[in-house]
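Letter by letter, the chains look like this.
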Amino acid sequence: MRDQMNDHKWSEFLKSMDRREFIRTSVAAGALVMAPRVVSAEAKDAYRLGLLLPVTGTGANYADGAIKAVTNAVADINDNGGFLGKHPIEIEYRDTHTKPDVTAREARDLISRAKVQTVVGTYSSACALALQEIIHENKVLHLAATSNSSKIVNENFTPYTYQFCPNSRMQSGSVAVALATLAKDRKWKQYVTIGQDYEWGRQTQAGFVRAFGERAAGVKLTKDLWFKLGETNFASYISAIMSEKPDFAFGAIAGKDNRTFMQQAQAAGMFKTIPYPGGLISVTELQQQAKSLVRGMIGLARCPFFAHLEEPLMQKYIKMHRAKHGEAAYPTDWACMHYDAIYGLQQSIDKAGTIETEAVKAALKGATLKTCRGTHTFRECNNQLDIPAGYVGEVKDHPDYPFPIYDLDTMIVVKAEEVWVPTCEEVKKLQKQRA
Amino acid sequence: MSLEPNFLFTQLLAGLSRAMILFLLSSGLSLIFGVMNILNFAHATFWLFGGYLTYSLFQALGGEGILMLVLAIILGSAAMAVFGFVCERLLIRRMYDRELPEQLLLTFALVLIFGDLIKIIWGVEDRAVFLGIEPLQMFDTFVNPYYFVIITVGVAVAAGLWWFLQRSHYGKIVRAAVYNRDMVSALGIRIPLIYAGVFALGVGIAAFAAGVFLPLMPMALGVDISIIVECFAVVVIGGFGSILGTFVASILVGVVYAFSVLFWPDGALAVVFLIVILVLIWRPWGLFGTEMRF
Chain F
1 MRDQMNDHKW SEFLKSMDRR EFIRTSVAAG ALVMAPRVVS AEAKDAYRLG
51 LLLPVTGTGA NYADGAIKAV TNAVADINDN GGFLGKHPIE IEYRDTHTKP
101 DVTAREARDL ISRAKVQTVV GTYSSACALA LQEIIHENKV LHLAATSNSS
151 KIVNENFTPY TYQFCPNSRM QSGSVAVALA TLAKDRKWKQ YVTIGQDYEW
201 GRQTQAGFVR AFGERAAGVK LTKDLWFKLG ETNFASYISA IMSEKPDFAF
251 GAIAGKDNRT FMQQAQAAGM FKTIPYPGGL ISVTELQQQA KSLVRGMIGL
301 ARCPFFAHLE EPLMQKYIKM HRAKHGEAAY PTDWACMHYD AIYGLQQSID
351 KAGTIETEAV KAALKGATLK TCRGTHTFRE CNNQLDIPAG YVGEVKDHPD
401 YPFPIYDLDT MIVVKAEEVW VPTCEEVKKL QKQRA
Chain A
1 MSLEPNFLFT QLLAGLSRAM ILFLLSSGLS LIFGVMNILN FAHATFWLFG
51 GYLTYSLFQA LGGEGILMLV LAIILGSAAM AVFGFVCERL LIRRMYDREL
101 PEQLLLTFAL VLIFGDLIKI IWGVEDRAVF LGIEPLQMFD TFVNPYYFVI
151 ITVGVAVAAG LWWFLQRSHY GKIVRAAVYN RDMVSALGIR IPLIYAGVFA
201 LGVGIAAFAA GVFLPLMPMA LGVDISIIVE CFAVVVIGGF GSILGTFVAS
251 ILVGVVYAFS VLFWPDGALA VVFLIVILVL IWRPWGLFGT EMRF
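So the protein lines, in turn, are chains F and A. In case it helps, our numbering puts the first sequence at residues 1 to 435. In case it helps, our numbering puts the second sequence at residues 1 to 294.
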């Protein structure tokens, strides 16, 4: 495949795909927004699904795949008549702009005017936390499949939220497990962290520092750097990291900022002297930075398709994604998790035998779902799906793909139970009391 | 933390590169305000649009090589300058006699419109140019050689703008128009064309800056909103309308920010805005601005 489609063609392919897809999605979303009153009068049994993801701001790059996945999954289910074969799904899409205030405003509108029964989203954890207050107040289901602050299922828990993504504690814990082994092998003594200065970045960094400290007590954190979301120039941060001469640097960076940081850190020579293991290198980064990613770098992914090629649902998602967006288009981590969210909702509605929200919520509680990552169960005390906490692997070229993937022979997949809050008693202590 | 001279040097270099990035972006903003009294909130959005356009031109030219990138930058800047000229003639000129809030409303509308245009034309994915820049080994550490390119370009643009405004015939007319528009008009010089030309120059410089940044950072939706805040800080410190002030303020902000990251990382941005507050209290028209402009 590499012979047939080089990096440039791959980039060209992505461009043309986005333009077409964007226009198609916009028209579809626009039509849905313009026509809800007409449609609702005719389709009383429709299931209204709110989709809150950004096409603006630092999360837009990841949300693209997620929007495609939700659209594809909904089209697939609607081809069979919708939920339970008789409730066609209508998507109400809103752009969060990756801002909590916009998210809150749009969520209220989705619930009060568009009458959605479930909200899928968001990208940013800060947005998700704002959204949770609204969905709890209005008793609407919330499926989180990208935003993953551990507060979503712990401190800010609501029984209406279900988490399809490893939370930030699990994610950073998985890196800690992998890096503790490396630290021992390489006799590391000190490290620095750099992160996005907002909810997810702070949670991820704190989770890593705690989990890593438990496993590698002798390795000291000497500096933590924070930058504002949307930073464009990391030169000062990179030289500050280099001046610290750490044995490694840990990054709590996602989205566009992650790409900018890695691009600038590489050109500034940081990766020549300081390992940067465990930074987020999802399928999005692997595809978009196919040329520039340093081979051998150790990255972290949340739901990489190549880790579960044997799973029937993953095969289905890949087939569906490629059929819809072209042979070379593989679903990103964000796409896979959103496919799981929609099909997970379908499985719960099938189990409940109704689309009534409280019944679906009850069916989701502690449910065991078939996902692209295998069969997994929601934790009773906080609705966290027990999917793998993280995939830590070495970036390596593969003959089957026009972009690098992780070395499948050495990739570490960390189980949820290894790194999440150990007991439900501890979880309950964290959870706030809600009315 | 290591305070060895080589790391202080790289921090200084990082600060200067940040300074020149800010200058390249802020100079057009300052120039437009200084001459036309228009506070163009959409300036960074034009910068972003210019970056996307340059990216497309670069891809159309083959997508490889520094020469092709230079050509794409020139073409992109020229196209955006033409756009700036048309934009001034169609929209901005209607705002000269309006109050500041109305100017801000119009230019903010342009931010939204051009943000959506970018989505429609280029989609939501980031666009970056990969030149395969290899780090340069200097003084027992590594630096990004592209910092030198940014610093050189920033200084060259500053010198060019100074020459244009202080030495060229057209620049003298522009300066005269700032002080006495009616008198310049009475001499038979068409003021509207002067204004349109200045706006075109400001937008052209912004697009040029975006093209220069492309190998350093991806163009992405929302970056314009993030960066315009720092540009306003620079222009406020330097003084609206003063190119020299913008240059000095850029260096001040860039270097202070870089060393704040080194010594007090949590307060880096706060330090910059502390300077803005002090300037606003002590000298509201900025370090190099004039009270007339205030």
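Warning: the hint list may mix true and false statements.
[As the list claims (entries may be wrong)] Derived coverage of chain A by chain F (criterion: at least 3 residues anywhere in the stretch with Cβ under 8 Å from a Cβ of chain F; other residues may be distant): (1) 17-23; (2) 26-40; (3) 43-54; (4) 95-107; (5) 151-165.
[Claimed, not checked] Calculated pairs, DSS-like style, for lysine-lysine (alpha carbon to alpha carbon, straight line, at most 30 Å): (6) K319/F - K172/A; (7) K291/F - K119/A; (8) K324/F - K119/A; (9) K99/F - K119/A; (10) K324/F - K370/F; (11) K119/A - K228/F; (12) K115/F - K172/A.
[What the hints assert, rightly or not] Pair ranges (Cβ atoms, derived): (13) L244/A - D185/F: 50 to 58 Å; (14) A104/F - D116/A: 20 to 28 Å; (15) I121/A - A104/F: 46 to 54 Å; (16) D45/F - G267/A: 50 to 58 Å; (17) G81/F - A109/A: 39 to 47 Å; (18) D116/A - D79/F: 53 to 61 Å; (19) L12/A - E417/F: 43 to 51 Å; (20) R215/F - A109/A: 24 to 32 Å; (21) G132/A - D185/F: 30 to 38 Å.
Please keep in mind that the hints were generated in silico from the structure rather than gathered at the bench. Note that CB positions come from ideal geometry on N, CA and C, so glycine has one too.
Evaluated hints:
1. 17-23: holds (count 3)
2. 26-40: violated (count 0)
3. 43-54: violated (count 0)
4. 95-107: violated (count 0)
5. 151-165: It is violated: at least three residues are needed, and the stretch 151-165 of chain A offers just 0 whose Cβ sits closer than 8 Å to chain F.
6. K319/F - K172/A: The hint is violated at about 66 Å.
7. K291/F - K119/A: holds (24 Å)
8. K324/F - K119/A: The hint holds at about 20 Å.
9. K99/F - K119/A: With Cα atoms ~18 Å apart, K99/F and K119/A stay inside 30 Å; holds.
10. K324/F - K370/F: Within the cut-off at roughly 23 Å; holds.
11. K119/A - K228/F: Distance ~23 Å between K119/A and K228/F Cα, so the pair holds.
12. K115/F - K172/A: violated (63 Å)
13. L244/A - D185/F: 50 to 58 Å: holds (56 Å)
14. A104/F - D116/A: 20 to 28 Å: This hint holds: roughly 22 Å between Cβ atoms.
15. I121/A - A104/F: 46 to 54 Å: Given range 46 to 54 Å: violated, Cβ gap about 30 Å.
16. D45/F - G267/A: 50 to 58 Å: holds (57 Å)
17. G81/F - A109/A: 39 to 47 Å: holds (44 Å)
18. D116/A - D79/F: 53 to 61 Å: Violated, since D116/A and D79/F (Cβ atoms, about 31 Å apart) do not stay within the stated range.
19. L12/A - E417/F: 43 to 51 Å: Given a distance of about 49 Å, which is inside 43 to 51 Å, the answer is holds.
20. R215/F - A109/A: 24 to 32 Å: Roughly 53 Å apart at Cβ, these two residues miss the hinted range, so it is violated.
21. G132/A - D185/F: 30 to 38 Å: Check passed, 31 Å falls within 30 to 38 Å.
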